[in-house]
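K.L.:
Letter by letter, the chains look like this.
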Amino acid sequence: MKSVKFIPVILLSIFILSCEKKEGVEVYEDALGYYECSYDMECGSGRYCDEEKHICTIDCVTSKDCVFKLSSPDEENTYDCSPCGRCIPKGTKDERCVVIKDIRCSADEDCYEAYKSTNYKCRKGYCAQVCQEDGDCKKSGRGFYCHQTEKLCYRRCFRDLDCYLHGWQYECILPEGVNKEENEKAKVGEEKYGECELRAGGVDYGRDTNPSKPSYKYTGIWGFMMNTAVRTLHVPLVNSQDTVSNNYILVKIVQKGEQLVFYEKWCSIDLRNFNDENPNWQDLARMITPEQYSDNIPINTHRVLVVPEMVPGAKMETDIMLEVRGAILENPATDPLPTHYNINDPRIIDQDRDGKPGMTTFMLGVLTGEVYNVQRWWVKYYINVVDARHWQGLLDHGSEQNIIDANPKSLIYDTECIKHPNQNHSYFRALKLCEPDQPCAASCADVLYHAKKVKGGWLEFEWLYDENKKPLENE
Amino acid sequence: MKRYIFIFSLMLLFSLNVYANQFAFQGYDTASQQVLNSNIVYGGSVGSLYGNPALLTGLKNQLSVNLILNIPSLKIKLMNKPSQSNVPISIYDSNVGNTKNNYKTLPTVELMNKRGDTTVDEPVSFIGIGIAYNFNIPRLQLAGIIQLPISFPEAAVLATHYNDEREAIFSNRLYFTRFGQWEKVAAGLLGVSYDVLPNLSLGLSAQITITTKTHLAIYIPDASVQDYSLANADASISTGIRPIAGVVYRPYEWLSVGAVFRDESCVKVDGNGELLLWNYHEADPYKTIPKRTSQKFPLAISYEPREYEVGFGLRFSRVTTQLAIMYQEWPLYRDQHNRHPFVLDSPMDKETEKKFHFNSTFNFLSNVEWMYGNEKSFMLGAAYYPTPVPPQIGRTNYVDNDILGLSFGHRYDFRVFDRRFTLNGAAQLFFMFKRIVYKDPKLILDEFPDDSTTLLSNSPMLEAKGLQTNNPGFPGYEAGGVLFSIGANLIYYF
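Respectively, the protein sequence lines represent chains E and R.
1 is the number of the first residue of the first sequence in my numbering; add one for each residue after it.
1001 is the number of the first residue of the second sequence in my numbering; add one for each residue after it.
Some clues are possibly wrong.
Said to hold, decoys possible - Restricting the straight-line Cα-Cα distance to at most 25 Å, the calculated cross-link-like pairs of lysine-lysine (DSS-like) are:
(1) R/K1296 / E/K64
(2) E/K64 / R/K1077
(3) R/K1104 / E/K22
(4) R/K1081 / R/K1114
(5) E/K53 / R/K1434
(6) R/K1075 / R/K1184
(7) E/K21 / R/K1184
(8) R/K1104 / E/K21
Think of the hints as simulated: they come from the structure by calculation, not from any bench.
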């Protein structure tokens, strides 16, 4: 009889449960399209392969991003960001992160052994990644593209400039019958592509090489860090913005008689805003200079007319190098630069070959968008020889820049650029990477490695010039 | 004296009149609570201002005090989110920032709040005052009622939220759409009824709605100093009404029929901000034009749909019973940001959009009342409210399901010092049935698109492959629960 009392309760429960609804289909992770991996190196630069999930991921770009690992944001940050994008305790090494480049091979098995992956095949003595499209090859590094027939990544080029990224020991071998000079000037889409191949005899130091002259000891392949600081006036919101352009350059120094000539291949440009006068200053918007920008800067040259003996403390200076970017001027030093008032100015060129006028930079922060510029600038080095492998010194420089267009248009504004009053923000440092009489494998990647990964290294960015800075041992 | 009481009471009602929609389910006074607001042809009380204002003429002049206590136990439980679906920090280095989409998500580790379940278990109580007075005009009755949250003098607690991936930026939670998470605000009604014929009554009442217009002009002299700005505000509040019209026709002593119309309504806030920054100009080659940035913040809070309700009642000796069918026009629904539920920042295609239109519903309400003795009555009520919310398998997270309501009530009339009083008691139980939702990954916005590339090198970003989203409802959730409510009132007849 007692149980009868529960019947309404049971009936009600059944009714309620029967009204439960299920909608959609349970989501399974393997249906979400994640890129599967086994090793960090499959994930490309700055990424790692999550051991549990087997997907490419990234925790950090800089150590600042590792704050999420701390129990409180106010704690001291005890983490570093590894080259593979893992947050690791400061002072430790990310053992799983191995960056391998140019693995030599004689058969595909060698590549499997090195990469533990069938995604690499032996091609022309080096392991090459299997690809279907150009995007697949970005993991192999900058300057790699997918070979249309072989479906393997290779160093593509249509001019020598493209190959110098991989080192001055490379040159662009074009298909038979293609004129090198004409191809270099070809419009976007009309160029013929070849392949960067190691130059017979290694780096071309010219015919004037003479070990008996003092200038010989300066020759070789160098990595340069060059910082030029400017103050830009009439910037929206902030009126005046101080910026240092932190540039990394792969430089070939050759003898020309008694003189030296610097051939400069630009590797990267990093624009860093600062404000010495206001400690509470906040960086509202910053410019990103894409690799495509620096990849399309032609080889700049400097000359040293008077070359002293190579001894610590020796001093020398270069001539002035003047360059115009994003436009071709009849008189580069004096003609006025194009402006946004006449976007159809025939002097404007698409120098970075991205289909947009001038040179493209990206603005990030409270103002976001693409900005198309033209620029005229010049620089002169005052070189102090620290030792046979290390130089540093202050710079003299100047810059003039016009925004000729932008997307959105609200980013178009007229600015004026002056050299930053604090001279110590504009300086350079140089590190010798290869001697002229030895085989050289140095590339832009090596310059950037010294810049970003060697703590306290000679090429590591510092805000101000320190004439007493000492090189690290063995660097 | 009676007139003064009435006029003073009306002034009080008008001065505080905003409204919330929980009483649409529960009833505005205890007598309505006893039968879940299903009195459409019999059993008038001041709560009939909402149920059917035509019933007001059956009321005697009265002043009543109501107490309501709601004890909810509702929960939205989120399913575990695959860690791969988190948005990595490298989104800042991607070209996502340069896309034309206005909305850009944050890296998951930088979200202000961690994704979490929603639990609604805070008891809420209201005190209500009702009054009815006919000014000695035959066949006429005027009435008003107001419900105030007992958190008074905290007169109102309003919080808005988004119902899609954008809420990740704020609370990172889901919210009940229609039931259970109401704004804690005062609610009130005012109305009049007239017996046109002995067997035909008409009634009209109004929920007073408000529209707030605010204009905030801000000048920021230094954009890098974000804790200093100058601001002036203009605000205006205008009132509107949600009309409720009702009719009761009594063709026979044992049969009555009635109909009610309630218009749609909501509390509107038209926010407008104008931002002026130092040295920020329009891109004009020939003139210096300071750039004034305008932003609009339209809000629509406590939306109630347009409703058409018909019903009939039967009276047999001491037993009456009523049945009403209410049609609710939910397709016009506006969420708290004054948008239709299918209007999103990155629009869906039209075919997909159709899946997420709210549906109109037919609700069923009924009650039975048994009088025993001369002063006592016993009531039972039941109501069923189907959900207007379609399966939320896409980007939106309107959490709702069918609701079953059951009620029980008792009424006792008595006299003290020759004054007439009535004491009412009510208990209600609402079940929101469990609803389990699994999201369709194809319908979720990939907030870090697969084709993202790095700004610096234009390289593909492998961490962007597959679905990355901060949508708190992904990959699914289950929701449901109960709400228990009790109420009591004392009516004094004068």
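K.L.:
So which hints don't hold here, by number, going up?
P.N.:
1, 2, 3, 5, 7, 8
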